[in-house]
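Protein chains in written order, with full-length UniProt numbering: chain A, 1 to 174; chain B, 1 to 522.
Calculated directly from the structure, the hints in this document are not laboratory data.
This one's a predicted model, so the numbers in the text were calculated from it and none came from an experiment.
Hints should not be assumed to be uniformly reliable.
Straight-line alpha carbon distances no greater than 20 Å define the calculated SDA-like cross-link-like pairs of lysine to any residue that follow [claimed, not checked]:
(1) Lys315(B) - Glu154(A)
(2) Lys169(B) - Trp173(A)
(3) Lys174(B) - Asn437(B)
(4) Lys315(B) - Ile150(A)
(5) Lys405(B) - Gly59(B)
(6) Lys145(A) - Asp53(B)
(7) Lys409(B) - Glu426(B)
(8) Lys315(B) - Ile174(A)
(9) Lys231(B) - Thr64(B)
(10) Lys67(A) - Leu374(B)
(11) Lys315(B) - Trp173(A)
(12) Lys145(A) - Phe356(B)
(13) Lys67(A) - Phe370(B)
(14) Lys67(A) - Asn379(B)
(15) Lys67(A) - Glu369(B)
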Amino acid sequence: MIETLSLKTLTRRQLLSRGVAAGAGLVVGAGFVAGRDAAWATEMDAMKPESFATLVQMARDIYPHDKVGDRFYAAAVKGYDVPEEVDFAQEGLEMLDEAARAAGFDSYLAAGWEADRVAILRGIEDTEFFQRVRGGLVTGLYNQKEVWPIFGYEGESYSQGGYLYRGFDDITWI
Amino acid sequence: MAAPFELTDDSVVVIIGTGAGGGVLANELAQKGVSVVALEAGGRYLPDDYINDEWESFGQLAWTDTRTTSGDWRVAKDFSNLPAWIVKAVGGTTTHWAGASIRFQPHEWKAKTTYGEVEGANLLDWPIDDQEMAPFYDRAESKLGVTRTHGIPGLPGSNNFKVFEAGAKEIGYKEVHTGRMAINSQERDGRMACQQTGFCFQGCKWGAKWSAAYTDIPAGEATGNLEVREKAHVARILHDDSGKVTGVEYFDDAGNLQMQRARVVCVAGNSFESPRLLLNSHSSMFPDGLANSSGMVGKNYMRHLTGSVYGIFEKPVHMYRGTTMAGIVQDEARHDPSRGFVGGYELETLSLGLPFMAAFLDPGAWGREFTTALDSYENMAGMWIVGEDMPQESNRVTLSDVEDKFGLKVANVHYSDHANDKTMREHAYKQGAAIYNAVGATRTLPTPPYPSTHNLGTNRMSERPEDGVVNRNGRAHDVPNLYVSDGSQFTTGAAENPTLTIVALAIRQAEHIASEMQSGAL
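Here chain A stands alone, though its shape is the one from the complex (with noise of 0.2 Å):
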């Protein structure tokens, strides 16, 4: 899936010089897509680098969380990233792309601001390719156990001996 540094022959600096800028915090490079700040990056096996940044551009602007990073993102639909299903996907980006087009923008990263994404993606929402993308994202992204700190979820509790004595009801403000 997706690994800090999965190209660990490279440095930063040399990661980040064999890419472009794409969308929000990405990088493209020749067979990888990566985080502007190169603290993670993913190989691609079926998908072509830029499809998948406008993905997890779009898993982004799907489902906006100001503190959840590009990888998880990423990390929610590299699931497309397989022969059975990059053609399914690449086909729906291209529509989406068109969308952009037809918007005025020469790509769907290329409109910079996430209100110009949104109405775009409000224009396909009805198509299968959303609906399948944002259905995926709900447990893709949801149901990664690294996101749920986040929002500040603990997950399992038994091996811990539940909440008993670990605050089930340590509220003081009420």
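Given chain A, work out where chain B should sit, using these hints.
Just chain B now, kept in the frame of chain A:
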């Protein structure tokens, strides 16, 4: 010890389903020396097996076999093949239930008399009443170890409860407490006290919550009179030329069709599977399905009106810590038509983990209106609405054109709200929001009904055979040795979580069946 009975043994009572109805009935009969074969579609999972993870647990326990849906309820759009959140396992949905155990109010047994004619509703009085049920409620509460009954202390209040309680009292509600819960507040019956783990819906890993899976089922098996056959999917109920049932055909774990002979058959597969089975058991003698001369099998499906209200506050609540449903406001449960609707509703604390909150808060929604709510997950408090919905003939379970892996037609579940349901839900949303606003909520969110857990009424109990499927003992009007033992026998739904009433009815039905067998009437 399981007592293996022969397939050809026609002296046994066959019970289909092992949840609150079937599981309790099986044990109660076994304790009386009656031989019982219980056929359970699911496998056996015990506290060690339960998983503190919402989706993983759902995959382990939930009934996810295909069903189809229709009607204008939102579940049909958002969860078109998942109309119910119920369990396929030994113990049925008693593994998943939250433990709320409250009795019907006396007038709720007589909905038609109390509410009068309600246009578009198919109201009916139950053929039994509060006085007749009182001793069985006593026994059910004792069996389940219900808090605030029989001298059992209440559960302590969690953070989610404290917010709920403070707001409820602020707006003048009086009947506010941590509920009558089938969750041990102290060690009882060989099971430990609640550890406030917060995964009540995923099966209680401490066994503090009552579930038939680790109480009644093993107790029944220990008598030697109960055999539970797991992963046995019942296909049809068979009958003879006299119209009495003679046995049950089922697919075993290996997919082979088996036939178990029976002296009596009790159907307890939940309000979708029970009518589906009766309809799928049609024959030349009963072309419209078994026990269906009234045409009522599958009709009058009820699911409680439900809905949730979540409140967001300036500071953390951590609603997921602790018992999920130990908190109730009962002030609105009364019948008071001045509010603009008949019947009433309970408000009960509820929490979901982040994964299920994302799935159920506003299914299909996206964008910042949705995500900013989840951003405040830590500061959220939650409650659930349980209100009486109107029985309507058009809300019903029918056979779908879709077939399951055995080639059996699956259930289609059709539901549309009655005007009374909508008015009551709006009232409850408003009151729920008022509770949270009274203690400083910065935002409140109404949440649409989840896939149903309280599935009721599709084989309803009636005095007259033309009005329903079973009589006052849950016995089919048309077939003398066929019983319905689950929530599908509910004549009306009342405002209360149904499990305690299902258990009380099962205890009562066991007395009746044992006595009929003894007298030779069965």
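Self-check item: Agreement of Lys315(B) and Glu154(A) with the hint, judged by alpha carbon distance not exceeding 20 Å
Solution: 17 Å, holds
Exercise. Take the C-alpha atoms of Lys315(B) and Ile150(A), compute the straight-line distance between them, and say whether it is at most 20 Å.
Key: 15 Å, holds
Quiz item: Between Lys67(A) and Asn379(B), does the CA-CA distance stay at or below 20 Å?
Solution: 16 Å, holds
Self-check item: Agreement of Lys315(B) and Ile174(A) with the hint, judged by alpha carbon distance not exceeding 20 Å
Solution: 9 Å, holds
Quiz item: Is Lys67(A) within 20 Å of Leu374(B), Cα to Cα?
Solution: Holds. Lys67(A) to Leu374(B) sits at ~12 Å (cutoff 20 Å).
Quiz item: Holds or violated: are the alpha carbons of Lys174(B) and Asn437(B) at most 20 Å from each other?
Solution: OK: Lys174(B) and Asn437(B) at ~18 Å, within 20 Å.
Quiz item: Regarding the pair Lys67(A) and Phe370(B), is the alpha-carbon distance no greater than 20 Å?
Solution: 15 Å, holds
Quiz item: Is the Cα-Cα distance between Lys231(B) and Thr64(B) 20 Å or less?
Solution: 14 Å, holds
Exercise. Mind checking the alpha carbons of Lys145(A) and Asp53(B) for me, to see if they're no more than 20 Å apart?
Key: The given pair, whose Cα atoms are some 10 Å apart, holds under the 20 Å limit.
Quiz prompt | Pair hint Lys169(B) and Trp173(A), alpha-carbon separation not exceeding 20 Å | solution = This hinted pair holds, its Cα atoms lying about 16 Å apart.
Quiz item: Does the alpha-carbon distance linking Lys67(A) and Glu369(B) stay inside the 20 Å limit?
Solution: The given pair, whose Cα atoms are some 16 Å apart, holds under the 20 Å limit.
Exercise. Could you grab the alpha-carbon distance between Lys145(A) and Phe356(B) and see if it respects the 20 Å cut-off?
Key: Judged against 20 Å, a Cα distance of about 13 Å means the pair holds.
Hint check: a violation occurs at hint 7 only; the rest are consistent with the structure.
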